[in-house]
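K.L.:
Sequence:
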Amino acid sequence: MNLGCRVNRVETDVIASELERHGCELVPESEAQAIVVNTCAVTGEAEAKTRKTVRHAAGLPGCPTVVATGCVASLFAGELAAIADNVVVEPDKARVAARVLEHLGIVDGAVDDSGSVVSVTPTPTGRMRPGIKIQDGCDNRCTYCIVWKARGASRSMGVADVVARVRDAQSRGAHEVVLTGINLGRFDAVAPDGTRVGLPGLIELLLRETSIERLRLSSIEPPDVTDELLRVMGKNPERVAPFLHVCLQSGCDATLRRMGRVYDTAYFADVVRRARQAVPGIALGTDLIVGFPGEKDEDFEQSLAFCRDMAFAKMHVFRYSKRPGTPAARAEGQVDPHVMATRSRRMRELAQRMRHEQALAHVGREELVVVQYPGRGVTGGLFDALVDPKIALDSLVRVRVSSVMDDGTLVCAHA
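Position 217 of the sequence shown, counting from 1, maps to 240 under my numbering, and the rest follow consecutively.
For the record, the hints were derived by calculation from the structure and aren't laboratory data. Treat each hint with caution, since some may be false.
The list that follows gives simulated cross-link-like pairs (lysine to aspartate or glutamate, DMTMM-like), each with its CA atoms no further than 20 Å apart [to be verified]:
no., residue 1, residue 2
1, K413, E380
2, K345, D310
3, K337, E227
4, K258, E227
5, K172, D191
Since the model is a prediction, treat every value here as computed from it, not as a measurement.
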């Protein structure tokens, strides 16, 4: 069971791959002898959901062993373990598969404790575009976040390991891989020739050393959208997905300051301008929090107007949820839940309108689509696309967009 962010999903795939390699099989929870719960502590609501999920799994009729890992396991191991006698807490994700095998009585269950195994297409959990976690941890101290405590300082996978994992994914049929991290733009490692490599250099090296057809970046912070990164993307418009998910969180400078973010709206707008100039046709996504402590009506209206000006193709809108142990949870000016709900609805309505408008701009264009489900796939700009259902799953096909559905899904035909 996976809760939380994109990185958690990748880590869950890693664990599932390791267990599958040792003879385990994914089954419905009612038939499970062991259940892994990858937990999330990003908000108080997420933590409450974690506890509920662990309690539910532990109480199933088969009384399976429940191995809890992830951020809540790192922060509150004792509290999770106290939920039930069949709950095992393992904060170290690299050891989760071994703990499961141990409790299943599989003695030949030694696993690679480096955490370097990566699941690839198709993943045991059913995703066709494998993720590769190349960075973990965060050095930021946003006032609403506790993940930096759970994950630790920023650290990166070795360059040679990243290359090997991309090649492995491709050898198993992947056409696209997604590079992920808690703070992806802070990737920093030593290349085989001894030079230090950041994210732009890593992308260039992967394009040179592998023949993977498309690389995609997951979420990135505004300061890490450098001219060098944009140059690499602009030079390789088909092999590097023309999409960036740049975390905004608020379109109001006063709110950004209270959040402890390290940029203002003018800086973010310049990131957007440079991205669209360097990568024609790029689609932009973002995360946005409404109802942050101290957010007044006029602050929200500023945030709404700024998002409208940015013309995002995809927005994840969240209502602020208290995360105990963070400065924001103790801050004055907590916003009424009903006010938050109204603001969330208005922001989501804007997000849907912008997505549809951005999708309409693709009518008549050719797109490369990774087919994930029968008749359905995803474009480089992360738009859902309807394609011929006879096209094989996990194919990379060139299509032409003929129309757009109300939800922004592209209707496509073979180019």
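K.L.:
Could you run down the list of hints and mark each one as holding or not?
P.N.:
Status of the hints after comparison with the structure:
no. : hint        : in the structure
1   : K413 / E380 : 29 Å, violated
2   : K345 / D310 : 17 Å, holds
3   : K337 / E227 : 26 Å, violated
4   : K258 / E227 : 10 Å, holds
5   : K172 / D191 : 32 Å, violated
Checked against the numbered hints above, the structure violates hints 1, 3, 5; every other hint is satisfied.
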